[in-house]
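To get the numbering used here, take the position in the sequence shown, counting from 1, and add 42.
Check the hints yourself; a few may be wrong.
Capping the alpha-carbon separation at 25 Å, the derived lysine to aspartate or glutamate pairs in DMTMM-like fashion look like this [to be verified]:
| no. | residue 1 | residue 2 |
| --- | --- | --- |
| 1 | 133 | 67 |
| 2 | 79 | 90 |
| 3 | 108 | 90 |
| 4 | 133 | 146 |
Don't read these hints as lab results, they were simulated from the structure.
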Amino acid sequence: WYAMSQACYVGGSLNEPGGGHNILEPLALNVATVLGKNYFNFQSMVDEFVAAEAVYVVDDAAQAVKTLTQLLFEPALRAQLNQNAQVIMYKNRGALREHIQVMDQYL
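Model the full assembly from the supplied sequences, consistent with the hints where possible.
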């Protein structure tokens with residue numbers, strides 16, 4: 043569904059205990075992404091995207107709806123969010139290759 047979307051909410055992060063779901067799939071597809079504040083399952087990754095102003099973190103469902111509506115009606119805002127996300131994605135590419143190289147040393 044992400045591939046057909048302009049903006050999305052990534053679930054599992056609005057309510058306690060939450061924890062959140064992985065935001066990389068919608069971001070890789072250039073989908074403006076909104077999530078709740080309980081994203082501890084992906085803390086360091088989400089923090090990097092938040093610092094780059096590449097995703098929106100909201101406090102509650104009402105704010106999620108408001109933010110998603112804004113993103114749907116403001117293409118320039120969506121484009122900026124997506125551009126910021128792509129910078130982070132590009133910066134972190136190749137992680138799998140690096141992990142395999144380290145593991146090869148021990149195999």
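Each hint tested on the structure:
no., hint, verdict
1, 133 <-> 67, "holds, 16 Å"
2, 79 <-> 90, "holds, 14 Å"
3, 108 <-> 90, "holds, 23 Å"
4, 133 <-> 146, "holds, 23 Å"
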